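Going line by line, the protein sequences match chains A and B. For the first sequence, this note's numbering begins at 1 and goes up steadily by one. For the second sequence, this note's numbering begins at 1 and goes up steadily by one.
These aren't lab readings, by the way, just hints derived from the structure by calculation. Mixed in with the good hints there might be a few duds.
In silico BS3-like pairs for lysine-lysine, Cα to Cα no more than 30 Å straight-line [what the hints assert, rightly or not]:
#	chain 1	residue 1	chain 2	residue 2
1	B	K324	A	K159
2	B	K324	B	K400
3	B	K8	B	K97
4	B	K8	B	K18
5	A	K159	B	K333
6	B	K400	B	K333
7	A	K159	B	K97
8	A	K98	B	K400
9	B	K18	B	K97
10	A	K98	A	K159
Bear in mind the structure is a predicted one, so any value in this text is a computation, not a measurement.
This is what each chain is made of:
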Amino acid sequence: MTTFPGEANASATTNQALQHPHMEASSSNAPAVMARDLVRVFGQKMAVNHLNLTVQRGEFYGFLGPNGAGKSTTIKMMVGLLRPTSGSVWVGGVDVWKDPIRAHSLMGVLPEVLNIYERLSGREFLVFAGHMYGVPAGDIRRRAEDLLQVLTLIDDADKLIVDYSVGMRKKIALAAALIHRPEVIFLDEPFEGIDPISSRVIRDILRELTQRGTTVFFSSHIMEVVERLCTRVGIINQGTLVAEGTLQELRERASGEEKDATLEDLFLNIVGARSEHQNLSWLE
Amino acid sequence: MLVIHPDKIRWLFWLRWKLFLRGFTREKSRIISTIFMVVFGFPLFAGIALVTYIAYRFLPAPANAEILFLVLTVVYLLWMALPLLEFTVNEGLDVSKLLLFPLTRSELMVSLLFSTLLDIPMLGLILVFIAVVAGWASSLPVALLTLAAVVIFYMQVVGISQLVLAALMSTLQSRRFRDLSIILIALFSMSCYLIQQLLLRGIGTGDFVTNIERARFSLYLQWTPPGMTASAIQQASLGNWGASFAWLGVSLVTAALVLYLWARVLERSLSTPEVGGAVRVRQRKASRAAAVEAAATRPRVAGGGILERIGLTQVFVIAIKEWKYFWRDPQLKAMLLSSLYIVIIFLVGPFLNPGDSFNSLGFLSFSAPLAVFFSVFTLSYNTLGMERQSLTTLFLFPVKPLRILLGKNLAVAVIGIVELLILSLASAALSHGWPLVLPVLAMGLAGIGVVIGCGNVSSVFLPQRMRQMQRGFQATGSSSGNAGCIRGLMSFLMLGVSLVVLSPVIVALFFPLYFHIRWVWVFSIPAALLYGIVFHQLVTWLVAPRMLARVPEILEITTRE
Numbered sequence: 001m002t003t004f005p006g007e008a009n010a011s012a013t014t015n016q017a018l019q020h021p022h023m024e025a026s027s028s029n030a031p032a033v034m035a036r037d038l039v040r041v042f043g044q045k046m047a048v049n050h051l052n053l054t055v056q057r058g059e060f061y062g063f064l065g066p067n068g069a070g071k072s073t074t075i076k077m078m079v080g081l082l083r084p085t086s087g088s089v090w091v092g093g094v095d096v097w098k099d100p101i102r103a104h105s106l107m108g109v110l111p112e113v114l115n116i117y118e119r120l121s122g123r124e125f126l127v128f129a130g131h132m133y134g135v136p137a138g139d140i141r142r143r144a145e146d147l148l149q150v151l152t153l154i155d156d157a158d159k160l161i162v163d164y165s166v167g168m169r170k171k172i173a174l175a176a177a178l179i180h181r182p183e184v185i186f187l188d189e190p191f192e193g194i195d196p197i198s199s200r201v202i203r204d205i206l207r208e209l210t211q212r213g214t215t216v217f218f219s220s221h222i223m224e225v226v227e228r229l230c231t232r233v234g235i236i237n238q239g240t241l242v243a244e245g246t247l248q249e250l251r252e253r254a255s256g257e258e259k260d261a262t263l264e265d266l267f268l269n270i271v272g273a274r275s276e277h278q279n280l281s282w283l284e
Numbered sequence: 001m002l003v004i005h006p007d008k009i010r011w012l013f014w015l016r017w018k019l020f021l022r023g024f025t026r027e028k029s030r031i032i033s034t035i036f037m038v039v040f041g042f043p044l045f046a047g048i049a050l051v052t053y054i055a056y057r058f059l060p061a062p063a064n065a066e067i068l069f070l071v072l073t074v075v076y077l078l079w080m081a082l083p084l085l086e087f088t089v090n091e092g093l094d095v096s097k098l099l100l101f102p103l104t105r106s107e108l109m110v111s112l113l114f115s116t117l118l119d120i121p122m123l124g125l126i127l128v129f130i131a132v133v134a135g136w137a138s139s140l141p142v143a144l145l146t147l148a149a150v151v152i153f154y155m156q157v158v159g160i161s162q163l164v165l166a167a168l169m170s171t172l173q174s175r176r177f178r179d180l181s182i183i184l185i186a187l188f189s190m191s192c193y194l195i196q197q198l199l200l201r202g203i204g205t206g207d208f209v210t211n212i213e214r215a216r217f218s219l220y221l222q223w224t225p226p227g228m229t230a231s232a233i234q235q236a237s238l239g240n241w242g243a244s245f246a247w248l249g250v251s252l253v254t255a256a257l258v259l260y261l262w263a264r265v266l267e268r269s270l271s272t273p274e275v276g277g278a279v280r281v282r283q284r285k286a287s288r289a290a291a292v293e294a295a296a297t298r299p300r301v302a303g304g305g306i307l308e309r310i311g312l313t314q315v316f317v318i319a320i321k322e323w324k325y326f327w328r329d330p331q332l333k334a335m336l337l338s339s340l341y342i343v344i345i346f347l348v349g350p351f352l353n354p355g356d357s358f359n360s361l362g363f364l365s366f367s368a369p370l371a372v373f374f375s376v377f378t379l380s381y382n383t384l385g386m387e388r389q390s391l392t393t394l395f396l397f398p399v400k401p402l403r404i405l406l407g408k409n410l411a412v413a414v415i416g417i418v419e420l421l422i423l424s425l426a427s428a429a430l431s432h433g434w435p436l437v438l439p440v441l442a443m444g445l446a447g448i449g450v451v452i453g454c455g456n457v458s459s460v461f462l463p464q465r466m467r468q469m470q471r472g473f474q475a476t477g478s479s480s481g482n483a484g485c486i487r488g489l490m491s492f493l494m495l496g497v498s499l500v501v502l503s504p505v506i507v508a509l510f511f512p513l514y515f516h517i518r519w520v521w522v523f524s525i526p527a528a529l530l531y532g533i534v535f536h537q538l539v540t541w542l543v544a545p546r547m548l549a550r551v552p553e554i555l556e557i558t559t560r561e
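Can you build the whole structure from these sequences, using the hints too?
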């Protein structure tokens, strides 16, 4: 078992873990994320329509869909921020809506709209998040410094977050989502507004995390990134999960000439998008 | 070269008009604030216009001219300062949004001049100007000259406000200025009572008119732009047409200079490229490995002291976060200042009204706990809404709701206790009521417990959206909540409920005092303290699980923008 430098030995930690309020590990055999018959209705509109979805541990799951398809609504219901009209969600075998505190201790979330504490400095926010997740005080500082280093925020760590750029905010929010070593990370459009360097750093971190058994559930519009990172992909359109599988499986299900199609081609075909040729001759 | 396309000016005015109207259709609260402005602001400006008209007409010379100098100077200074404070709410004054289009500086200037006509305060200013023309129109030539002087002065006022805006554009868009202006506006709003009291005292002494008659502001003010306009009008009224035209000419030149400077600054802002920061490139593979390991290795390690084990660390960390926010967030700082203002008013009030019997023991007994009651209520009745968008983040943490409430309560309680201590001791020193300090402190503590307990109920069951505050007077209607009349009424109701719940504490203090049976305090004060503590604990303990169950509903109300 890998431990941190300076941490107590494994048996001691196990004993302590039993006493710690947030040490309850998830059921080891349960899927990382499971949604059953998830429905969300806004007025007349059914934003999510009886969605069933299972993500196994260690998977890098890409959740795709056009604008307004229901991606963010689904993620909000999965992380306990939006009550489903009906249906259930389990994270690490814990029912998110029946035991939200335990479920939250297993997950890290990077929402699409970052609602972080802007009037704390980056370092203060990480320390605050560490305490909120119940990480032992001794580990918080070290983990915060490590995360600040790796996400190239160390020089701006004492600046207030309100003065950060969009990319820096994403990175500090990601750092806060990682500080408690979550079993599942939910990322809603993590690469939106991020420069290529930061994007690369985040991608590498996420990939390494999945290699160590962490599950990543993320939504993105950037098909190249999804294609490169994800072990499995789910495509949602008008609130319904219309396709799911590895890229290879999606290709196999595709017909005829789309056998070698890129994820973007497959996605456009599945959601029924058509290239509309407008008459813009006046531009010539 | 003066290049102006009338069609562009028309469309720029259309844009300003649309933004003006859309401000009302998109934000219903603005309709209400505008109605309030019309109902209260219009009579205020009309009153000022009427009073100044009477002063111009009926005060003996040169007192009437001194008033003119003062009025024009105040207008000039106000119009220099107000656009700065309203910058974020008045899109029509933000030139940076028009820089993408091929507009000449003349077109921008003319459009901005027209834009000012759609500012509601400008209507009030026009009333003040009408009073000037009417007040000094002793004959047709004087009336015409006064009108010309006022029109030139209008150009100066608009020009200087736009010049200041253009020159300070980058500063205005900075976060620090935004923060500062929110606090300044709050301080200004709060100081109105004190200013009003001091003004009334100054006017009410009877020496006001005599002082004005003796005053010679014009000696200094005549060299300022508003003074030049006032001098032109004053000289015309005295029949010194040569001096009058000379001052009018100087005033016109000044207006042209201001407009020229504005054009130059505007041109500079049009041509100055934005300065971007360089991207730092760093490769820290070793650190990344450590961070990934930090994030990926399980099981997690428990540890820490007794505080961590019983969850008090989280309570203290939340309380510390609250204090940092009260200090760093201008919106919360404004709230904190307003709560402190209540305390200050209670302390300063008796000096402003020396006729009141502030020396009585009743003053001491009432003032300290009552001021703290209002102060703590302000900070606690919408404690979840005060988190604004960040509440989403707080609810994503696996923290027991009881700890969230206790952390927030601790932060407010400490502020309340500090206020209570200061106020009780200061009041005791003023009224020599030292024997009452301990009972009052005990009652104040009990009251804080009750009020915070009630605040937990209202925060969970009647949360209010607290919009991210912008600069400007239109955005300062409510710094603690912004959720419409019904919720406002409900929080008012909550204030009443808190007072009812507080009544046993009040009875425990005043009943023995009123009936001169102070020995009863030996029993009533500990009982009241116990009541306060038990009430807070019981209510918080009952409310906390409901908070967890209501997370989506609370978020829907408080985080919607």
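Here's how the hints hold up against the structure:
With a CA separation close to 14 Å, the supplied pair K324(B) and K159(A) stays within the 30 Å bound. The straight-line distance between the Cα atoms of K324(B) and K400(B) is roughly 22 Å, inside the 30 Å bound, and the hint therefore holds. For the proposed pair K8(B) and K97(B), the alpha carbon gap of about 15 Å is at most 30 Å, so the pair holds. Only pairs whose Cα atoms come within 30 Å are accepted, and K8(B) paired with K18(B) is accepted, the gap being roughly 15 Å.
Proximity of K159(A) to K333(B) is assessed by CA-CA distance (about 19 Å); at most 30 Å being required, the pair is judged to hold. Distance restraint check for K400(B) and K333(B): the Cα-Cα separation of roughly 27 Å lies within the 30 Å cut-off, and the hinted pair is therefore satisfied. Straight-line distance between C-alpha atoms of K159(A) and K97(B) comes to about 28 Å, which keeps the hinted pair within the 30 Å bound. A C-alpha spacing of about 14 Å is found between K98(A) and K400(B), which places the hinted pair at or below 30 Å, so the restraint holds.
The hinted pair formed by K18(B) and K97(B) meets the criterion: a straight-line CA distance of about 15 Å does not exceed 30 Å. As the CA atoms of K98(A) and K159(A) are separated by approximately 38 Å, the hinted pair breaks the 30 Å bound.
In this structure, the one hint that does not hold is number 10.
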